[in-house]
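Spelled out, the chains give:
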Amino acid sequence: MNEVPDPAKLLPWAPERMGESVSRAAPARNAPGFGAATLFALRLAWRQLRSEKARLASAIAGVLFACVLVFMQLGFRNALFESATNLIGSMRGDLFLMHPMTTASFRPEPLPRVRAQQALALPEVDRAVPVYLAQATWRNPVDGTRRAIQLIGVDTAAGVLDFPGLAPLVDPLKPADTVAFDVRSRPEFGDIGRLLAERGPFEVEVGNRKVTVVGLVEIGPSFGADGNLVLSEVNFRRIATQRQPSAVDLVAIKLRPGADLVATQQRLREVLPPDVMVLTQAELNAHERGYWENATPIGFIFTFGSLMGLVVGMVIVYQILFSDVASHLKEYATLKAMGYSGFYLARVVLGAALILAIAGFLPGLALSTFLYDLVGSATFLPLRMEPALALTVFGMIFSMCAIAGLLAVRKLRDANPADMF
Amino acid sequence: MNPVELRGVGYAYGEGELRRPVLREVDLTVGAGEIVLLTGPSGSGKTTLLTLIGALRAMQEGSARVLGVELNGASERARVNLRRRIGFIFQNHNLLGFLTARQNVAMALEQDGATSEGARLARAGELLAAVGLAGHEDRLPAKLSGGQRQRVSVARALATEPGLVLADEPTAALDKVSGHEVVQLLRNLAKSRGVPILLVTHDPRILDIADRIVAMEDGRIVTADEVPG
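So the sequence lines, in the order shown, correspond to chains A and B.
Under the working numbering, the first residue of the first sequence is numbered 1, with each subsequent residue one higher.
Under the working numbering, the first residue of the second sequence is numbered 1, with each subsequent residue one higher.
In isolation and in its complexed conformation, chain B is listed as follows (with noise of 0.2 Å):
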């Protein structure tokens, strides 16, 4: 069974005359350790499909499978398990501020009541020092540069062994090397770990990494080329 499996979802925000659609039959299908890149311009609607597949936003219309869960009509509860495995990367760090690089990866730990603490802080040391920022596990956001707190976010991401990472707009606060540092990171990582990435992105910059781009316009799917090679 693949990672992701869209049938037909729909989405509007907005009721009655307000109605405003913003996904229209969408299907996409993410497989196994695939890395798939979402573009399209700013309403295309490839955000919102981003936190339909995350669980962040209930289901209207058509299906959504993820990790093997049916998301329209699941309840709270079942879409914050979800969550639990799912890795999120957003374009902003969304660090907590008054937690050290170190403290911020074994937040997402936590979630795992059968660890330790050591052994908590322990592997988020691993994780910080996979994305080469050993040596600044101590440090609290505010003393790291744009690119070290994205990839502490990539490590936070990583950290419970998702069964799928999405991210949205991983590099638009970064410039150009330290932002194809991150994707690069985050592609390995993934690669190694078999993990599949769905990232939505307009940073033509990035788009090397991928397996496949999916193309959005007007909510709908319009392309879906593999990348050659």
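The following block holds chain A by itself, in its conformation from the complex (with noise of 0.2 Å):
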């Protein structure tokens, strides 16, 4: 039926044979650039959408629900994995000891102290300070309740704890039994801060021991530890009575100044035995994290929660684009017929996918930083809104807006200006 032979075989243009146009059409107007277009259909776009206004409140509250949903549970993850080093994060050495088989610091497998001495051995090592993890029993002085506690053991001159608080308890932390409490611990172990205000050092019991509450650090809980001590080896030793002393469980060092860190790290690695890992401070965080992200579901629930919310959002501002779209299909017809091209509608689309994009991320914005605000001080997780986490969680939105959008532009194909008359 078709005569027509292939168009390739009739090069060059052959117009009479093709029955095409022998001069083509030029543009009848110079018609307006990308920008401009964009910019008169992203008008239209919000015209039409001001026009419905439950439309656009329900469209609007469906993003924000999604914005919301995501920001706390990237909040909540990123939280977790913060507070999960907030311990170790405070350390400060170039390199640490650890063995092999410590998953996480709430959980530690003991080296052997001989280590430490080790690493001494080589000229570019300045000092390397035992560090000594263990969970007791505190009791609350309030109203007597129990608890476990974490105890960080370790000669505090020695300077390779940084939590703010620590430096003038120095010498105060040297007698018998005395610890320095964590005052942003749970609030399940007392309010020590207030007590240790009204009546100075008290006794506390802690394991089987009373010890003398002498000041106060701040470290923060985790989601290994409710709480926190410090307190000196010596003093550790007494309340982890079954504790070896020559086992440790963490050993920091520092270098000498122009100690070259990389080629210490390795030197130290094939002095010493396979049964400690020499680690910078980057990759004991990373290795504390990688437990909590890796080795627990917690990760990937988080990351589960917010592409749930992500769905449902997208599901929402699809359907509001759909049906936008569906009950103009006339409208959109008789700007096909006007000489409207279909890119020319896609943008119209798309554009609205932008402005609920960023009508529902704006207000979420600010639903999440209040929020955060709420679960942080009810929690004590480090919930922090922070730019990068902001423009993570924008680029989200606006992704799962731009899909629905393209989803909804596929129903502009039944606008057909032919079917308008």
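It cannot be assumed that every hint is accurate.
As the list claims (entries may be wrong) - In silico DSS-like links for lysine-lysine, alpha-carbon gap of 25 Å or less:
| no. | chain 1 | residue 1 | chain 2 | residue 2 |
| --- | --- | --- | --- | --- |
| 1 | A | Lys330 | B | Lys143 |
| 2 | A | Lys174 | A | Lys210 |
| 3 | B | Lys143 | A | Lys53 |
Calculated directly from the structure, the hints in this document are not laboratory data.
Starting from two chains that each stand alone, build the complex the way the hints lay out.
Now the structure itself:
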């Protein structure tokens, strides 16, 4: 039926055989440029959205909901990982020795203390400070309830711990049975800060010993530990009586000024037996964080939660955009008849998606910031609204709306101007 | 050259067994400034003919030269460009409900990148005044009567100073008085600008505006009467 041969065989161009116009139709007028047309499309999208207040409100609510959900999930995730490294992140050392079987700081595998001395064999090493970690039972001095608390035993004068408030406590922590309490511990341990201010140093029960709280430091709870105590090595051994002094949990190494970090790390690995890992500060943090990310379902749960929020938001935005297109099919077909291209109309729909993304994100950001404060003060988790996080979430919300918009654009094909008559 | 020249135009819907021809060997010419009414029973193919001339549909058979552009084999882009030079008036006004009368008319002008927003709105105001809607520029279509809405779409169709106006049953949704007002308005505006109009209707009340009446039946043109006087 089709007698026109393959166009390729007709080259050069033979319009008379193809039934084409010999002189191609020149554009009738100078059409607006891409930028101007996009602005027109965006304006049309806004006018259309604005005209249906209830529909606009429900669309914005959908985006806002997705936005808050993602912010909370990612916020919890980051707070978890950050608080998990609260303790490790406050260590100040150039290199660390840790047993290779230690999975996380709250459950350490001891390594021989002699490794610290062995490390000193290298001329680059200035100090090698053993750190003891254990959990003991703390009795709340106010109501007598008991709770597990993290003990951090270290030579406080060695300068490998960087907890705010610790510096003036170096001497007060030297006498027997003295401890410094982490003021950011959960409130179930008792309002130690107030008691200390009222009474001065006072006695509490830790393990089976009476110890004196002589000061406060700031560390913060983590998922592994609700509260922390800092004390000297000797006092640590007095409480954790079952622990051998020869078995330490971590060794913090300070290098002499000018020493090459990577080369020293390599040499330590060669010198020391394989029962220790030699880690930099960043590697130690990553190791601790990696436990929570990979060895627990927590990281996955929060990622999954964020995804669910995005999917729900996308469905809502898609529904709104789709019904907007569907209920304006005639008008869109009219615009096509007037010479507007399908690409222009696609930009109208995508413009609406962009407007919804922004209109939902901004209140979502404000609400999430408020919720971060609220939830952060209730859980003592470090929930902080950071520009990088806000930008990431905006990227997600934007992609969510863009995908919903692209799906809705398919409906535009039904706007056929030939059916208008 | 005439604005519209059709030679042997044929068109069929469906494929194979279901193929149903609606236009056969249609020849039609609309001269400059001429007002042609296309009448005929429903199913006679007049609306299909209008969509072909309006470049809303791809040609199948024959030759259609509209405003100097051959439509058989024309690309989508060429057809979109041609549509910008044609004013369309539909049975239903098809105004954008969320735009005011003035904004609706200005939409037609937005395709010309050389004009400023102020100029477009001013021009839209002039056109609305020309169709007797001064004072109603900033109303939404929902706040206008049927006749007023159709007058807005007349203003919109003429806004871009088209080379051709195509109208499909523009009075179908209107009562006798306002229907007649609208087509009279259309006629006067088109005549004063020398724009040809091809108007599909089977409303006998408006036959008097035509220079020529073309009757169609079963996909063919059966008569082409010059209207006397």
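Hints and how they fare:
For a cut-off of 25 Å, the pair hint linking A:Lys330 to B:Lys143 stands: about 19 Å separates their Cα positions. As the CA atoms of A:Lys174 and A:Lys210 are separated by approximately 16 Å, the hinted pair is consistent with the 25 Å bound. Note on B:Lys143 and A:Lys53: the hinted pairing holds, with a Cα-Cα distance of about 18 Å set against a maximum of 25 Å.
No hint from the list above goes unmet by this structure.
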